[in-house]
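Undergrad: All chains, full assembly: derive it from the sequences and hints.
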Amino acid sequence: MGFDQFVADRLDRLLGYATAITCDKHLAQDIVQNVLMRAQGKWERIGAMDAPYLYVKRMVTNDYLSWRHRRAAREIAVERGELAKHVPSMADPADAHAEREAMRARIAILPRKQRAALVLRFYEDCSDAEIAQVLGCTESTVRSQLSRALQTLRTHELARSATLGVHS
Amino acid sequence: MNDLIRQAIAAEAEERVDSRTVLANLHKARKRKPLGLIVGVATLTAAAAAAAVVVPMTIKKTEAAPPAVSAPQETQNVLLIGLDDHNFTDALMLARFQADGTAVSVVSLPRDILVDGQKINGLFAQSPAKLTAAVEKTTGAKVDHHAAVKMSAIGRISELFGGVAVCLKAPSNDPITKAAFPAGRQVLQGDQALAFLRQRHGLENGDLDRARRQQVFLADLASKITKDNALTLAREVSGSITVDDGWDLVGFAQRFTGPIGISVTTLPVDAPVEREAGFGFEVDPAKARTFVEKALDQGGSSGGSECIR
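These protein sequence lines map, in sequence, to chains Z and P. To convert, note that position 89 of the first sequence is 89 in our numbering; the numbers rise steadily by one, no gaps. Just remember that our numbering sits 168 ahead of the position in the second sequence, which is counted from 1.
Hint data in this document are derived by calculation from the structure and do not stem from the laboratory. Where hints are given, some of them may not hold.
To be verified - Heads up, simulated DMTMM-like pairs for lysine to aspartate or glutamate below, C-alpha to C-alpha not over 20 angstroms straight-line: (1) K346/P to E75/Z; (2) K346/P to E139/Z; (3) K25/Z to E183/P; (4) K25/Z to D186/P; (5) K25/Z to E182/P; (6) K346/P to E79/Z.
A quick note: this is a predicted structure, and the numbers were derived from the prediction, not measured.
TA: Right, dumping it as structure tokens:
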């Protein structure tokens with residue numbers, strides 16, 4: 001597949017993925033742009049792979065998880081954490097939108113790698129093996145990252161339901 | 169809860185910027201700098217795949233009867249070629265051996281260099297003469313001789329030494345071969361060593377990072393070659409090395425009497441361009457010639473054992 005074709009097919013999806021893991025559309029845009037420019041230079045190799053999309057996704061993920069974006073990621077998480085305090089706690093729990101926003105906020109403050117694993121599973125529908133490949137770790141690490149993330153989200157979910165006096 | 173997570177993530181992803189904006193930026197960037205600055209191809213320091221040739225040299229010397237008459241030696245430029253199993257060039261280095269045998273300066277040539285529209289890494293398979301001609305044209309340096317070694321032999325050689333020490337800045341995973349290396353100092357041998365030398369997928373700078381790996385690896389390897397193990401080594405590699413017909417190796421090897429100082433650098437290249445042969449590096453002959461002449465004459469930075477990608 002040629003580079004231009006790849007971009008035409010996958011750019012939008014890639015932006016969605018990057019936005020979901022970074023929780024910041026501008027950071028996501030920067031990362032995707034930079035990665036694609038780098039990928040273009042090596043396209044002869046990447047394009048010949050079985051799964052170029054998986055490889056590019058790996059580049060995006062690595063870039064986000066690298067030290068370069070550590071500070072940005074922390075700032076985003078803090079900001080989102082602040083926002084979360086104000087938004088949904090008093091909302092009607094039956095309000096699906098509020099539920100979803102509350103979950104979004106909780107996901108946004110997860111550790112970066114846990115969130116990446118979560119997005120790969122629930123947005124990209126990747127298998128453990130594929131996630132391991134993207135994150136450059138073992139499958140058992142993937143499973144532990146996912147279960148830690150789910151554990152955190154579940155704890156928050158329960159606490160929230162209790163506060164609101166509903167049974168989930 | 170999983171559905172809720174799915175919806176939440178989808179909502180987050182919904183926030184993404186318009187892909188047309190990104191597309192426009194990519195086009196702009198392409199115009200400004202053809203493909204983005206891929207490599208800050210700083211001078212890559214380290215020592216050489218010169219081992220490929222230093223090895224047979226040391227060996228021939230050991231095998232040969234004590235030199236009766238030492239013929240006067242001349243400085244010689246030797247093209248060192250590391251081949252994969254299909255005779256594609258995985259490593260390419262131009263080495264200048266000083267007449268007194270105390271020093272060799274080496275310039276690594278990225279394998280994606282384009283010469284007359286063809287990638288340099290496929291030329292050896294067509295004919296060794298074609299490759300040497302292309303190198304002469306690119307570097308302006310005369311190639312006196314060439315030596316080609318099957319890279320697979322290096323894996324075996326590493327075993328003879330109980331492994332070769334390298335140091336990685338960060339863990340690396342080869343998405344193709346699944347070879348995985350942790351960060352930090354480690355000793356590699358056999359298939360692992362080979363995988364290390366061959367990996368270019370999953371490395372930020374691809375072949376350029378690979379060239380660096382080869383340099384560091386072979387620097388350590390070369391440092392381990394002694395008179396005592398040279399013969400064993402000779403037996404191991406003799407079937408894997410070919411040199412040009414007209415080369416009097418025994419005579420050549422007589423210049424080596426003690427430790428050899430190896431200095432290495434890599435020919436700098438600009439952003440890759442797209443040609444019929446695929447993406448590659450075009451080299452400005454004038455600049456390349458100046459660089460190569462200086463590097464071969466004065467030597468680049470000497471091979472250290474610092475950590476690499």
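Undergrad: Hint by hint, say whether it matches the structure.
TA: Evaluated hints:
Only pairs whose Cα atoms come within 20 angstroms are accepted, and K346/P paired with E75/Z is rejected, the gap being roughly 35 angstroms. Between K346/P and E139/Z the CA atoms are separated by roughly 13 angstroms; this keeps the pair inside 20 angstroms, and the hint holds. Taken as a hint, the K25/Z and E183/P pair is honoured in the structure, with Cα atoms around 6 angstroms apart against an allowance of 20 angstroms. A hinted pair counts as satisfied when its Cα atoms are at most 20 angstroms apart, and K25/Z with D186/P qualifies at roughly 10 angstroms.
Distance check on the hinted pair: K25/Z and E182/P sit about 9 angstroms apart at the alpha-carbon level, within 20 angstroms; holds. Distance restraint check for K346/P and E79/Z: the Cα-Cα separation of roughly 38 angstroms exceeds the 20 angstroms cut-off, and the hinted pair is therefore not satisfied.
Of the hints listed earlier, those the structure fails to meet are numbers 1, 6, in rising order.
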